[in-house]
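Asks: First to last, the protein sequences are chains Y and R. Per this note's numbering, the first sequence runs over residues 1 to 292. Per this note's numbering, the second sequence runs over residues 293 to 584.
A hint or two may mislead.
Computed footprint of chain R on chain Y; a stretch qualifies when at least three of its residues, placed anywhere within it, have a C-beta under 8 Å from a C-beta of chain R [said to hold, decoys possible]:
| id | stretch |
| --- | --- |
| 1 | 107-120 |
| 2 | 157-169 |
Selected chain Y positions facing chain R (in silico; Cβ < 10 Å) [stated by the list, open to error]:
| id | residue |
| --- | --- |
| 3 | P7 |
| 4 | R126 |
| 5 | L129 |
Don't read these hints as lab results, they were simulated from the structure. None of these values were measured; they are calculated from a predicted model. Note that CB positions come from ideal geometry on N, CA and C, so glycine has one too.
Number of protein chains: 2
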Amino acid sequence: MDVFALPAEVRERTSALRRAGSRVAFVPTMGALHAGHGSLFDVARRHADCVIASIFVNPTQFGPAEDFDRYPRPFAADAAFCAAAGVDILFCPRREDMYAPEHSILVVEGALTRGLCGPFRPGHFRGVLTVVTQLLNIVQPDVAVFGQKDAQQARLIQTLVRDLHMHTRVLVAPTWRDPDGLAMSSRNQYLSSDERRHALALSQALQLGETLYAQGVRDAAQVCARMHAVCATAGAAAVIEYVEAVDFATLRPVVELVDGTLLAVCVRIGRTRLIDNVVLGRARVAREYDLV
Amino acid sequence: MDVFALPAEVRERTSALRRAGSRVAFVPTMGALHAGHGSLFDVARRHADCVIASIFVNPTQFGPAEDFDRYPRPFAADAAFCAAAGVDILFCPRREDMYAPEHSILVVEGALTRGLCGPFRPGHFRGVLTVVTQLLNIVQPDVAVFGQKDAQQARLIQTLVRDLHMHTRVLVAPTWRDPDGLAMSSRNQYLSSDERRHALALSQALQLGETLYAQGVRDAAQVCARMHAVCATAGAAAVIEYVEAVDFATLRPVVELVDGTLLAVCVRIGRTRLIDNVVLGRARVAREYDLV
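Extracted from the complex, chain Y is given alone in its bound form (with noise of 0.2 Å):
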């Protein structure tokens, strides 16, 4: 595996590699690895010749009050882990190599960032968009693989590359979640044990929605208000911040149910603020949606 800091370094491999013909997926992460990133490079390695993976703490789509002074950067053993998962170039670039001293462009959305973690996280998306324009246009991959436990970030970023006129497919590869249910996160190693308890209401919730939503209940009003009860057992450390049904594509809320609705929630949980979601009738809806 090659380790490059340098953007112009992984333009000039990537730009070779794309000459002599070969197939290039980019899995865009912030480091402090976990199995989720695995499958993440798993899918990537299935449709491509090459896998590139880059490791960067944007700090642009943290808020002030957020947690980027403490978001754990693991270098040595993410390296370790990208190696033994088979990517074959790891881009980590500097913050400074990254954004100019005077840098003033910014990539914005309208519409799918009003709802959800949007209103709670001003600035977030704005960061997440900016970056993932700067990587993909260094990168240039054919194909780019994002997690749908961040789906609305998923979503966007199709969204980016539509409107932009981009050449990467976006594919949105499954959330992992621990044999508990609990999806996998890197900040689920804030939780203490009694808030990685608490934690599993989330799953819980989501699991509780599909399953009225197989046994035919399709009142989205009602369902939330059934998750929402299950998020409030995570105690009184919790917080929930949304339990919302909306459809997939515009993410705006619905008022019923159908295959490619996103049932989506967050749960600030002591300090840590924790997000999870299902597509109802995903496998239905995955050519839609590039969901592998």
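Position chain R against the provided structure of chain Y, taking the given hints into account.
Replies: Frame of chain Y, contents of chain R only:
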């Protein structure tokens, strides 16, 4: 000359050219082509094996009270002009092929757009940045050529390419002028013969600025006041929007004139908004700003 309407057609062609080792130069235009555009095609030809021009009157860069509807669209003449100028590929997309119905991604800028035309044309540069990002992503040229007449736009595009890590070099070609000094512009055809005579005030003001600088005058306020007085000779139907001396790097006002200072003027004459500029010591700062 090949003419394409679909982004995918242009993308396939330029990908094939790149794989074959050709260098591609791109000149985006809004049509209504004149000798100024011709000079951009000449610059493009000197820097590449293949010259691609686009004609797209981009709706998102016009304000609601601006001239989108009456902007000239002489397509047949433009196509003939391109063919005669040796353009290899002409890209004329339709609005619906550039913007999906649910288009929601925008590219914005927060520093260079604050002055000059920015405050007078809210939303204009957001529209320019978004469409140029789209076009550069579709064509993926090695070189793109913009005219210095739109100096703020040219610097913005250079900033766009730097900040989003695009693989394109942005060259800025000299303003082309009628023999009496009027900067060529597609909008000049809006001018009555009286208005056209009055419009000479812009280039005369800039000539005075250059002369004063050559004579050793360095005080920006003094030079701008003298230039303002010349612009004021454009008659009762003229409204001066700005007469400014700014740093060409940052577009921020300067106190003292130096090589690399941009003198820029904007005067509305009747219904027509005209802009013009010069870069002091242009030849001496040309390399720094890719001025050709």
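Asks: So, for every hint listed, does it hold in this structure?
Replies: Tested hints:
1. 107-120: holds (count 6)
2. 157-169: holds (count 8)
3. P7: Since chain R brings a Cβ to about 6 Å from P7 of chain Y, closer than 10 Å, the hint holds.
4. R126: This interface hint holds because 9 Å falls under the 10 Å limit.
5. L129: holds (7 Å)
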